[in-house]
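Colleague: Given next are the chains, with one letter for each unit.
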Amino acid sequence: MDREQEREIEWDCQKVLRQYYHHVDQREYDEAVLLFTPDVHWVVMGLDLHGREAVRGSFGGLADSTIRHVLTNTVVTVIDENNAETISYNSIYCEKGFPDDRPIPFKAPDRLGTQHAKLKRTDEGWRISERGSSPGFKQDRG
Amino acid sequence: MDRQQERLIEWACQKVMRQYYKHVDQYEYEDAAALFTEDATWKVMGVDLKGRDQILKGLYEGLQSGTIRHVLTNTVVTVIDDDHAEARSYNNIYYSPRARSDAVEGALPFDGPNRISDHYASFARTDEGWKMSRRVGRVIFRSKGEELALETWAGKEGLLLDQSS
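For the record, the sequence lines run as chains A and B. Each residue of the first sequence is one higher than the one before, starting from 1 at the first, in the working numbering. Each residue of the second sequence is one higher than the one before, starting from 143 at the first, in the working numbering.
Bound-form chain B, shown alone (with noise of 0.2 Å):
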């Protein structure tokens, strides 16, 4: 493969993946589950989930009622063949249990971002164009500030994970 390919496939990779948080931080999870491969992996903050449907509940369950942004920087796609690549970044992510963006007048108060995490994805490409199939986050830097309710709601699910794994 030449550079020129690959940096098309650099380009479509981020393009999934800030479509992807756009549509989470805007509460269109259908639109952001449908980035993912069906049999896609997750773990992200602590978090098991497997395939497309227990991602899109997750999503549902663990951040309508809130307001979260995630602010995806240093993205750096590895080219593995025609069909696969990989991806590195870092989440900075910003986050408020108390209301949803889309319910009040103003800004929200904050403190600053909620944790720093690094960011490694998965990507395969399809009869739909690219999709993640995996995505994993670890917690680097993380305030004393607001616990995510995806966390609680996982928690109850049975489906955390070990941070340190």
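For reference, chain A alone in the conformation it holds in the complex (with noise of 0.2 Å):
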């Protein structure tokens, strides 16, 4: 593979990762698990689960709060044509509320998290294979 194919990898990979949060902070879950590979394997926020049914039912957490998954420093290494991973930082900022009438107040972001991604190209394109996380900082809510 020369470098050329490396990069278009790393850039439809890092446009996965970012469609993906835009899904799940506009509560468009049906959209962000046709990111995942149908037999995605999920191991964040303490929770680990198999399958796009069961990542799905985990997104009812987000109910009654507004989430922004602040997604930076995203690093692909193609493995080969067809597999790649991912590390980035996930900057979460999570209150409760909406922001309907005017924005939701807070301070700062709820955690700050390393995350990493595996992805595998199919007949729909790249598709989030696994998901892990690393906690690094997390705000003290008394």
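For the record, the hints were derived by calculation from the structure and aren't laboratory data. Possibly wrong hints are sitting among the right ones.
[As the list claims (entries may be wrong)] Here are some chain A residues pointing at chain B (derived, C-beta under 10 Å): (1) 11; (2) 18; (3) 54; (4) 56; (5) 58; (6) 59; (7) 71; (8) 72; (9) 81; (10) 83; (11) 85; (12) 103; (13) 105; (14) 106; (15) 107; (16) 109.
Note that beta-carbon positions come from the ideal geometry of N, C-alpha and C, so glycine has one too.
From these two lone chains plus the hints, build me the complex, please.
Modeller: This is how it looks when you write it as structure tokens:
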């Protein structure tokens, strides 16, 4: 594989991750899970889930809050033409309530973690096959 | 359009947004305004501006006396066709009205981001390259920190939007 092909994979995998968080943060959960492979393994925030349906069910935990996953520092490592791995920082802003009439007050991110993902090329494009995260910082809310 | 052409547009539009915030944050407002189409619309931070000239005036009136940094993340560009694209991003905004960054030595005090916004932009390909034709920003999280001078100016000029719109 030449460097140009690697760059294309790096670009497309970053886009999948960003699309995923936009969908989750906008409560577009059906679209979000379609960015996983059907057999995705998802180990995040203390949950160990297998498959799209299990991940879809976990989104119910976000029902009474507004969340934004601010994804930065993504590095994509291309394994081969059909597999890639990524590492990113995820600054998570999460507060109870909804910004219907005015913004929600906040002080700082709720947590800052390191996120790992593996992606596979499928007939529908690149999809996330594994997600994991390592805790870094968490706000003490008393 | 093939995926390779799409990637080139995605890259070009992301670059326009990053250039825009670099110019805004460095007080280079003429350069920033030049990245809009002449008839661009701008509904950001509750402020409603129309056209490049009014946007330029807003940047001068609202931002030139303080320090602001727009940390743009999570950008996804969706290509509509050869000449049009849309983008959505998050904007993590740090702000101080106390001084310009180019007039102080050292760092300004801060307590964190002033606000986190959802940001949407539309792009059109022009003879001078890709330009922003529309910007929309909705503040999602807001600290109890500083009011932006831009909002104060827009209020005096009758250019404030309802945040819920």
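Colleague: Each of the hints needs a verdict: does it hold here or not?
Modeller: Comparing the hints with the structure gives:
1. 11: Given a least distance of 6 Å, the restraint on residue 11/A holds.
2. 18: holds (5 Å)
3. 54: With Cβ-Cβ at 25 Å, over 10 Å, it is violated.
4. 56: Violated, about 21 Å.
5. 58: With Cβ-Cβ at 21 Å, over 10 Å, it is violated.
6. 59: Because about 18 Å separates residue 59/A from the closest Cβ in chain B, which is outside the 10 Å limit, the hint is violated.
7. 71: Nearest chain B Cβ about 5 Å off; hint holds.
8. 72: holds (6 Å)
9. 81: violated (14 Å)
10. 83: violated (18 Å)
11. 85: Since the shortest Cβ distance to chain B is 20 Å, the answer is violated.
12. 103: For residue 103/A, the interface hint holds, since the closest Cβ of chain B sits about 4 Å away, which is under 10 Å.
13. 105: Holds, about 6 Å.
14. 106: Because about 4 Å separates residue 106/A from the closest Cβ in chain B, which is inside the 10 Å limit, the hint holds.
15. 107: holds (6 Å)
16. 109: Holds, about 8 Å.
Against the hints set out earlier in the document, violations occur for numbers 3, 4, 5, 6, 9, 10, 11.
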